[in-house]
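Enquirer: Residue numbers (the working numbering), protein chains in the order written: chain A, 220 to 350; chain B, 5 to 116.
Derived from the structure by calculation, the hints contain no laboratory data. Worth double-checking, as some hints may not be accurate.
[Said to hold, decoys possible] Pulled a few chain B residues facing chain A out of the computed Cβ check, cut under 10 Å:
| hint | residue |
| --- | --- |
| 1 | A19 |
| 2 | A31 |
| 3 | Y66 |
| 4 | A110 |
| 5 | G111 |
No residue lacks a Cβ here, since even glycine has one placed at the ideal position from N, Cα and C.
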Amino acid sequence: MVDAVPSKLLSRACLALSVGLLVLSAYLGKQAALTTEQVSVSGLLGNPWYVAVLFCLGTHALVWPLALRTIPLSIAYAIANPLSLLGILVVANRAFGEPITGWNAAGLALMVAGLWFLLSAPRRPPAEENT
Amino acid sequence: MSALSPLAVAFAGSASAAVGQLFLKLAARRPATSVAAMYLRPAMLAGYAMILLSTVLNTWAYRTVPAKAIAVFLPLNLLMVVLLSAVFLRERLTGRQCVGLALILAGTAGFA
Numbered sequence: 220m221v222d223a224v225p226s227k228l229l230s231r232a233c234l235a236l237s238v239g240l241l242v243l244s245a246y247l248g249k250q251a252a253l254t255t256e257q258v259s260v261s262g263l264l265g266n267p268w269y270v271a272v273l274f275c276l277g278t279h280a281l282v283w284p285l286a287l288r289t290i291p292l293s294i295a296y297a298i299a300n301p302l303s304l305l306g307i308l309v310v311a312n313r314a315f316g317e318p319i320t321g322w323n324a325a326g327l328a329l330m331v332a333g334l335w336f337l338l339s340a341p342r343r344p345p346a347e348e349n350t
Numbered sequence: 005m006s007a008l009s010p011l012a013v014a015f016a017g018s019a020s021a022a023v024g025q026l027f028l029k030l031a032a033r034r035p036a037t038s039v040a041a042m043y044l045r046p047a048m049l050a051g052y053a054m055i056l057l058s059t060v061l062n063t064w065a066y067r068t069v070p071a072k073a074i075a076v077f078l079p080l081n082l083l084m085v086v087l088l089s090a091v092f093l094r095e096r097l098t099g100r101q102c103v104g105l106a107l108i109l110a111g112t113a114g115f116a
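Chain B with its partners taken away, still in its complex shape:
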């Protein structure tokens, strides 16, 4: 991975985590007969795999990117999660919630 930009690797890690979160929510929202049954659903396991991949990518990126700088990718990840939630889970934000989300995303500029 040495030929890749650390920022590109961090972005890939962020995207992987976002898709993983979608899988976790898909598995968690359905009623479960037991806690164990919820954790063993295929969607849950797929979500775990995506998040594990994101930790490996982020650990590589941390080698050259300061810890707080890589935190920029958390809000980017948030935007991906909100978009995925809107498309696949039909979650909708109110106008006030959208203002809050916009402020949170704007706040990331301070970390860039």
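Looking at chain A on its own, in the form it has when it is part of the complex:
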């Protein structure tokens, strides 16, 4: 079977785009929460912020599988999660005035260190690629 879905470079680009979409959806989700009077299907779909959340997550849902084509799920997720947290922390501070505490900064430092370990480590091919 021909694999019509391309390459490692595209997967990495899709991983970066996915992180951006997650941060944006968190911002939009908070706006949706602040403006939602009642949690119901009609209430949520009538809220433009929530519709924007769905659009972002829908795009993310299309892009993310392309990232997973060549990147192991555990590695892709371990990269995307801390980067998303960093983005959410900055957005929460800038858009909603939520403070960045010393504990936040310490947590971020640990996550950055973890990312460095993760990304600088020689990769062990997953079992699926050995078969």
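Assemble chain B onto chain A, guided by the hints.
Expert: Frame of chain A; chain B shown alone:
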């Protein structure tokens, strides 16, 4: 859902997203004849459904939980995804990668 703790709802959303990710990977890793064929696989659609459910749960939780506090559940979600990947996809991390993962999880304490 008013009787439920917002934190419990956020946890359920995180678990739903983790299972959804597993389904997405199961669908994405197989060779595809076209991009559309990949997106229409049952496992892919099941993954989408789980992620959609997680957004509804998280939106409810955001009403009372600060945006950055709910971000605690992303690393919890990461741990679930790594465990599911190890069990169902046979993905294995090197020792150095495990150290990196442990640091990332420890870093979440700053957000709690």
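Enquirer: With reference to the structure, classify each hint as holding or not holding.
Expert: Hint-by-hint comparison with the structure:
no. : hint : in the structure
1   : A19  : violated (14 Å)
2   : A31  : holds (7 Å)
3   : Y66  : holds (4 Å)
4   : A110 : holds (5 Å)
5   : G111 : holds (3 Å)
Consistency with the previously given hints fails for number 1 only.
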